[in-house]
Amino acid sequence: MKEEILQRSIDPAAQVMLAVAEKEHLETAWDRFEKQQPQCGFGELGVCCRHCNMGPCRIDPFGEGPARGVCGATADIMVARGLLRMIAAGAAAHSDHARDVAHTLKLTAEGKGGGYAIKDEAKLRRLAEEYGIPLDGRSTQEIALDVAHAALAEFGQQEGPIRFTRRAPARRVDTWQKLGIDPRGIDREIVEIMHRTHMGVDNDYVNLILHGLRASLADGWGGSMIATELQDVLFGTPQPVRSEANLGVLKADQVNIIVHGHEPILSEMIVAAAQDPELVALAKEVGAQGINVAGICCTGNEVLMRHGIPVAGNFLQQELAIITGAVEAMIVDVQCIFPALADLSSCFHTKFISTSPKAKFPGATHMEFHEETAYDTAKAIVRTAVENYPRRNPARVHIPDEKSECMVGFSVEAILAALGGSLDPLLGAIKSGAIQGIAGVVGCNNPKVQHDYGHINMVKELIRNNILVVTTGCNAQACAKAGLLRPEAAELAGDGLKGVCQALGVPPVLHMGSCVDISRILVACAAIANTMGVDISDLPVAGAAPEWMSEKAVSIGAYVVASGIFTVLGTVPPVLGSSNVTQLLTAGAEGVVGARFAVEPDPFKAARLIVDHITAKRAALGI
Amino acid sequence: MKEIFVRLDRCVGCHSCELACAVEHSAAKSLFAALAEAPVPRKRLYVEQVLTHKLPLLCRHCEDAPCVRVCRTGAMSQDAVSRIVTHDPERCIGCWMCTMVCPYGVIGRQLERRIAVKCDRCPDREEPACVTACPTRALLYMEEEDFSERMRRVAAAEVVEGYGRAQAV
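Residue numbers (the working numbering), protein chains in the order written: chain B, 1 to 623; chain F, 1001 to 1169.
Treat the hints loosely; a few may be bogus.
Unchecked claim - Chain F stretches covered by chain B per the calculated footprint, using a threshold of three residues with CB under 8 Å from any CB of chain B:
(1) 1014-1023
(2) 1029-1038
Claimed, not checked - Straight-line Cα separation of at most 27 Å, DSS-like style, residue types lysine-lysine; simulated pairs:
(3) B/Lys2 to B/Lys23
(4) B/Lys605 to F/Lys1029
(5) B/Lys35 to F/Lys1029
(6) B/Lys35 to F/Lys1054
(7) B/Lys358 to B/Lys112
(8) B/Lys35 to F/Lys1002
(9) B/Lys605 to B/Lys448
(10) B/Lys178 to B/Lys617
(11) B/Lys617 to B/Lys605
(12) F/Lys1029 to B/Lys448
(13) B/Lys123 to B/Lys112
Unchecked claim - Partial pick of chain B residues on the chain F-facing surface, computed with a CB cut under 7 Å:
(14) Pro38
(15) Cys40
(16) Gly41
(17) Pro61
(18) Phe62
(19) Leu576
No lab work stands behind these hints, which were simulated from the structure alone.
Every residue gets a Cβ at the ideal spot worked out from N, C-alpha and C, and that includes glycine.
Work out the full structure, taking the sequences as your base and the hints as a guide.
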């Protein structure tokens, strides 16, 4: 295989598909990335501004040209404003997703949800208690309606607190309040970013960044957490389940349907419809052995965690899945979906089906999905896929052999159950040093990094150093493909972690879900800190996003740091044009929120930063 | 010998060429690392705007170059074979005679020292950094003959199209 292809991905299945793509002259993100080189230096540094029409303005990073925009904005102002707008978009994406889930819960409670039900009543009741909603003598529907209304109210509310922020240790909440960054309402903080970053409003980079942290907290402890919790109520709280991951999960003799995007509201129904006897019979009629649903990106994680639906791949494999020639339908909702899929699927029999009124793609078949008619629409979509099976050209089918087993489904509840109902065994292992600490490794793929290289090497290095890894998103899928989510992967861990994993029968890398489920990691950290009587920033924990690319990742990074967790980024955010902002994020923040960012593209060096950080935190705790 | 040509209708004024030029003339040759360097990396070409028209100006490496002719210390010299005009900072005394005679105004100065800086056609690269960086391909690095041929083809196509229209009337 060509060196150039090997350099694009470490995943053998991806390499096989990239070779096919090259042979058939099919363009992928890697080709487009090359065509974008060299990328705009002003953009890379964050020193361009298009916030008003006196511009666009740029600042010369080498000091020869302009040092200020037309309005007088310095590099500090441009970089801080740009970063805030990324946070706004990321927080909006997670939170608008949450809004849809809350809306679905409301419709379900009102009996208008076209096929949804309340799967985790115990969690519903716990959430109701948290919101102060009376339980006695009330039906599940009544309680669910109140919880839905309470959650929906948090988006538009003008005064805080956002309920789930109070899951954080009191000291953390105190820090937020003293800094004036305790979020008031989810939408309010996002809107305020757009206001503050308008021409001529907030021009103090520290004041700007602080508000960015506030909006990100409204995501992590607000929007994202609401999405996670209410999805658990509607679709069930994940429990350990086994499945498989990588393009090898596609089946040569079945109708292959890929769900790609982020909201389980759609994928749950697709999974259900794919088991409908009528459609299974139709599949047989058209010559297929059955209907095979597989996931990509976070909607894939959602159905993987709850139903063991296999994963076809992570973010950078969305095009490769179509290039297998074996996909009857790629069904998408929102976020991280390449518009390039339309042209690519037109080179195959694959139907590219968009479903969200918020996300249309030129060239796609649009089959709009609404909660009230969810199951019927899902059936229609699956039927379209099944009817497409006879159009598959067997000569063009290239399904790679690669797939790996995985054990997933580690919600906080599932982790507690695995520990026997209490955090004590985990804390004991941490105190004894068998487990040195916990690292949340998350985030996207990015063609700036060899596909999965950053993810896999960092995670392997961390577990080798007895650091338990919790994972979500595309990192989780990379780990699944690499076999790191098998209990047997404990063999790759240091002796301490290996012993704990083997005793509990769990992998050294715990899949906690989708990107909104990073909120589960926050909940776990809060619970550990509360049990130990310390702040989150005192814990031997760290975060990392080795291959991040999206604005959502910026919001995540911001709320993780604002929650007191040291975070290492593997690709450089567009902030280096301002040494002041860079200094604040990578050093000054430590004295403000008790955590900071680091940027380290080399996953081995990045893992070392985390190991050293955890060692220092352990020493400070005296363990 | 390849030269840097500018397609006058292509420049959108993004200044990417300038940034790439400065980075290429840094010690690290990478944007992020170059930010903290001293001496501060300097660009050697300049995007100018006249009315709505934008265009990058850069050293034309003139034959019998005036900057070389007026340089009294030998800092400016023209390679006998490649005809590239380069500047030796160790010999430069900052008299700015070169600046006075350059018809394009493309000789700059180092920030920290009173000496000139100018385009050296990126001796470490196959294609000059400004050409690689240009997102609209306004800058082309090619033989003069090839560029002229390209211009002739465009002109010929326009003539033929005009002729065709005239015939149709």
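ask   = Is B/Lys605 close enough to B/Lys448, meaning Cα to Cα at most 27 Å?
value = Cα-Cα ~17 Å, so holds.
message = Would the hint linking B/Lys2 and B/Lys23 be met if the CA-CA limit is 27 Å?
response = holds (12 Å)
inquiry  = Please verify whether B/Lys358 and B/Lys112 have alpha carbons no more than 27 Å apart.
reply    = holds (21 Å)
query = Given the hinted pair B/Lys178 and B/Lys617, is their alpha-carbon gap at most 27 Å?
reply = holds (24 Å)
query = Per the coverage rule (Cβ-Cβ under 8 Å, at least three residues), is the region 1014-1023 of chain F covered by chain B?
reply = That given contact holds, which follows from 8 residues of the region 1014-1023 of chain F lying within Cβ reach (below 8 Å) of chain B.
inquiry  = Hint check: B/Lys35 vs F/Lys1054, CA-CA at most 27 Å. Holds or violated?
reply    = holds (24 Å)
query = Straight-line Cα separation of B/Lys123 and B/Lys112 no greater than 27 Å?
reply = Distance ~21 Å between B/Lys123 and B/Lys112 Cα, so the pair holds.
ask   = With a Cβ-Cβ cutoff of 8 Å, does the region 1029-1038 of chain F contain at least three residues near chain B?
value = Coverage by chain B holds here, the residue count being 4 at a Cβ distance below 8 Å.
message = So if I understand the rule, the pair passes when the alpha-carbon distance is 27 Å or less; does F/Lys1029 with B/Lys448 pass?
response = Answer holds: F/Lys1029 to B/Lys448 is near 18 Å, not above 27 Å.
query = When you check the alpha-carbon spacing of B/Lys617 and B/Lys605, does it fall within 27 Å?
reply = holds (18 Å)
message = Holds or violated: B/Lys605 and F/Lys1029, Cα atoms, limit 27 Å.
response = With Cα atoms ~22 Å apart, B/Lys605 and F/Lys1029 stay inside 27 Å; holds.
Agreement of hint B/Leu576 with chain F interface, Cβ distance less than 7 Å = Check passed: Cβ of B/Leu576 comes within 6 Å of chain F, closer than 7 Å.
The structure agrees with every numbered hint stated previously.
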